[in-house]
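Asks: Here's the letter readout for the chains.
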Amino acid sequence: MKKAVALVLALILALTLGACGRDTKANTQSSPVPGSSPSAAGTDNTAAPPAVSGAPEYGGVLRIVNTSEGATPLGVPWEVIGIDVNLITPYGEALLLEKTSGEIEPWLAADWKIDTTNLTVTFTLRQDVKFTDGSDFNADVAAWNIQQAIDAGIINPAISGVSVTGPYEIKVQLDNWSNTILSTFASHSFSMISKEAFEKNGIDWARENPVGTGPFKLKEYVRGERITYEKNENYWQAGKPYLDGVEYVFIRDVMTQNAAVQASGDQGVDVLNTNSAEQMITLNSPDIYLDKMAIGPVSLVPSSNNPDSPLSKLEVRQAISYAIDRQSLVDARGFGILTPATQFIPDTWGAHLPDSYNLSYNTEKAKELLAQAGYPNGFTTKLIAMPGMVDKDMVVAVQSMLQAVGINVELEFPDSGGYSNYRFNGWEGMLVQHTRSLPAIANTFGLYFDVKKDDATGAYSYIYMPSTWRPLEELYNAEQAAGQAIEPDDKLLQDVHKIIMDNMICIPLYNIYDAFIIKNNVHDTGFSQWGAGTMFLPADAWKSSK
Amino acid sequence: MLTYIVRRLIHAFVVIVIVSIAVFILIRLLPGDPIEMLISQTQLTETTPEMIEALRHDKGLDRPLPVQYADWFVQMIRGDFGTSIMRNFDIGKEIGNRVTVTLMIGLSAFVIGLVLGPILGIVSAVRRGKFVDNLVTVIANIGITAPAFWVGILLIFFFGVRLKLLPIYGYTLPWDDFWMSFKQSLMPIFVTALGPIATTARQTRSSVLEVMSEDYIRTAWAKGLNERKVILRHIIKNSLLPVVTLQGTMLRMVVGGSVVVETVFVIPGMGKMMVDAMLSHDYPVVQAVTVIMTLVVVLSSLIVDLLYGWLDPRIQYD
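Top to bottom, those sequences are chains U and L.
For reference, each letter of the first sequence is one residue, going 1 to 546 in the UniProt record's numbering.
For reference, each letter of the second sequence is one residue, going 1 to 318 in the UniProt record's numbering.
Honestly, I wouldn't trust all of these hints.
Calculated cross-link-like contacts (lysine to aspartate or glutamate; reagent style DMTMM-like; alpha-carbon spacing at most 25 Å) [to be verified]:
1. U:Lys219 <-> L:Asp177
2. L:Lys223 <-> L:Glu210
3. L:Lys59 <-> U:Asp415
4. L:Lys93 <-> U:Asp266
5. L:Lys183 <-> U:Asp266
6. L:Lys59 <-> U:Glu79
7. U:Lys219 <-> L:Asp176
8. L:Lys59 <-> U:Glu208
9. U:Lys219 <-> L:Asp90
10. L:Lys93 <-> U:Glu220
11. L:Lys164 <-> U:Asp244
12. L:Lys164 <-> U:Asp266
The set of hints was computed from the structure by calculation and includes no laboratory data.
Let the hints inform the model, and build the full structure from the sequences given.
Replies: Rendered as structure tokens:
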């Protein structure tokens, strides 16, 4: 018996060690050269792909892990929502491109003119573009696509109409001016699809059969497993794409994601997009490089539901900020990747404020402020953590830091449905929310603060903060002014940011990153160079054979 | 017999109704609203209450709950499981695609468990106290206690990442590409079969040992019958009854276990469909998959009960 037990246990141990042991060679070698490319706003490449000489090579399939499954059919862009929008990238192209820096570049629109007096944007379209069904991309088709988005109510509400002003020219009419309006036209939600194919086959067919202008066309969609795109041989950019195909694989389990990245050949994947610092470090090896960009902090967002709650007092919110040792948080759980966040907008964006706005860790000051606010013995509140984006151990650490100054905290870790419910309808206590910084920072303020559920527009902002505090009204007005300026104005944007920080409307904790873990033989994806709307340029990506 | 089957089918229908009501209510008690989740999947969409209400109306979620349930149930009886809230697909059609995948993995694992489990159990019992018995016992205990996801991950790292022998994710149907299907199925089938093999081996061992201590077996040995005859003719048949009962449970585990295995190995089957639907509060998908799984459980119980009568003529159905 003993021999048998020993034998089996030895076998299991060997198998376990063999499977779980990390490659020491990989650990001891340094990553590729860091920071070799210029850092745009929000971009922070810690590693660059190995230098390759010569022209791009043709062939290969780029496999990208998507951590959740596509929720909607992909063929009708104005119906595609959320994370699925990035799945359109290989087949769909928008009028413009948006860089991480917020800079706008031409794409299917070769040029544009803005008339702020008459509130119009006139786009001049490329004339050499065809859809994969052979039909022509022209002004009529572009206007039809934009009108569908207007009718579906998903486009920027400032856009009231679109008209054809020439065979390859359209004019977009605005109700009111927004200096970030161009970024709207860089989103894949407004990718152009073939009007001819849509009208001939109907919307049900179109949902399952994308017909775009992009470098790839849909080959197969196996729900729950993968989406496979194949090369568009008649792509309008001569000589592109270089790849034979792009494949998105839906892998929810983190361990399987890691294994897929570590596997090679047909068993492996080429790109994994993650926000987990732990995963970035776990997968660090000489075979991959990390292309990452700052996407704003994880912040505490106090509820403004109740004007009489402790959280409604500025001193309390400041006390909470002073009570948090951000450096310890990132030392313990940042894996050398995360950084302390002292402002709502990180320092890679123009609206960042001077260091004097940073509130450093000071428990004595925190206790003093609590006493001033009338809570010398503290109070009880709740932290509700955003699922997926927030490190649970960090939340537990914040709980103990607040406990140290007398604030008792209950923790709640709802699933995404429960969390959405809080976001939309209000909460008690504080959300632990990733407050994303978008390329055009006015959009960030707009996302969180420009509309209120209880105001005349009746629209929702991303988080529901009723204006029971005076600073929220002030913030709303400043945000409107910043968004409606003729040109983006750093001074106005800083004014908005100042209101947030002066009033601790959000209490930043730590900065997180959107990282693309990429195999060394994959080149020119430029994931971190392009904003969330553009994602990447699949036509430029290629894989080297070595 | 026919009366018994009809009665059991009526019972099955009642069970399905009760389960469907329970699931219908329970999933709605979970915090979170699918419409809000649908909208909130993007941080970039500006939404008005009117848009939310229009979407809710479009998905039929603004009607009273009893009406929603009755509509859904009547449609389901007619074979129409409705449309996914989150993904807009025809649920019946999707289940049709996915059930094939789940059954290919699950039934293969079930058959392997059905064959290997009893063989290991019998060998273990007949060679009680010997090396083989100890080995089988240890392996069976590990098989029972090791979580499927852990075993799955271990196999992925060892055979997929290290040895590069097997694909680590995905599934191909055998009639599309037999060799790829075989390679992709090995690890998921092993993980799914491990529990049933272990449990069946343990149960068979106990059952065989019990039968071996019966007087009629001792008589058979005393009569000088050879070992093969005693085991095949007397021991196995008489020790199979509890093992058959267990197989009913195993069949349910095969369907239920697909939830973990399909998630780990990224297999587009019913289990993964269930997980994705649960996480996104896709009510009609969760309801449909639950009903199908309940149907499998109820029918497997019925088959097991019918097998009892065949194995033990003393059992009467009236």
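Asks: Between Lys219 (chain U) and Asp176 (chain L), does the CA-CA distance stay at or below 25 Å?
Replies: Holds, at about 15 Å.
Asks: For the pair supplied as a hint, Lys59 (chain L) and Glu79 (chain U), confirm whether the alpha-carbon distance does not exceed 25 Å.
Replies: holds (15 Å)
Asks: Within 25 Å, alpha carbon to alpha carbon, are Lys164 (chain L) and Asp244 (chain U)?
Replies: holds (24 Å)
Asks: Please verify whether Lys93 (chain L) and Asp266 (chain U) have alpha carbons no more than 25 Å apart.
Replies: Status violated; Cα separation ~30 Å.
Asks: Sort out whether Asp177 (chain L) lies within 25 Å of Lys219 (chain U), counting only the CA atoms.
Replies: Holds, at about 17 Å.
Asks: Given the hint that Lys59 (chain L) pairs with Glu208 (chain U), does the C-alpha gap stay at or below 25 Å?
Replies: holds (20 Å)
Asks: Checking one constraint from the list: CA of Lys93 (chain L) to CA of Glu220 (chain U), max 25 Å. Satisfied?
Replies: holds (17 Å)
Asks: Is Lys223 (chain L) close enough to Glu210 (chain L), meaning Cα to Cα at most 25 Å?
Replies: holds (20 Å)
Asks: With a cut-off of 25 Å on the C-alpha distance, tell me whether Lys183 (chain L) and Asp266 (chain U) pass.
Replies: Cα-Cα ~13 Å, so holds.
Asks: Between Lys164 (chain L) and Asp266 (chain U), does the CA-CA distance stay at or below 25 Å?
Replies: Between Lys164 (chain L) and Asp266 (chain U) the Cα gap is close to 10 Å, so the pair holds against 25 Å.
Asks: Sort out whether Asp90 (chain L) lies within 25 Å of Lys219 (chain U), counting only the CA atoms.
Replies: Judged against 25 Å, a Cα distance of about 20 Å means the pair holds.
Asks: Check whether the Cα positions of Lys59 (chain L) and Asp415 (chain U) lie no farther apart than 25 Å.
Replies: holds (22 Å)
When held up to the earlier numbered hints, the structure conflicts with hint 4 and nothing else.
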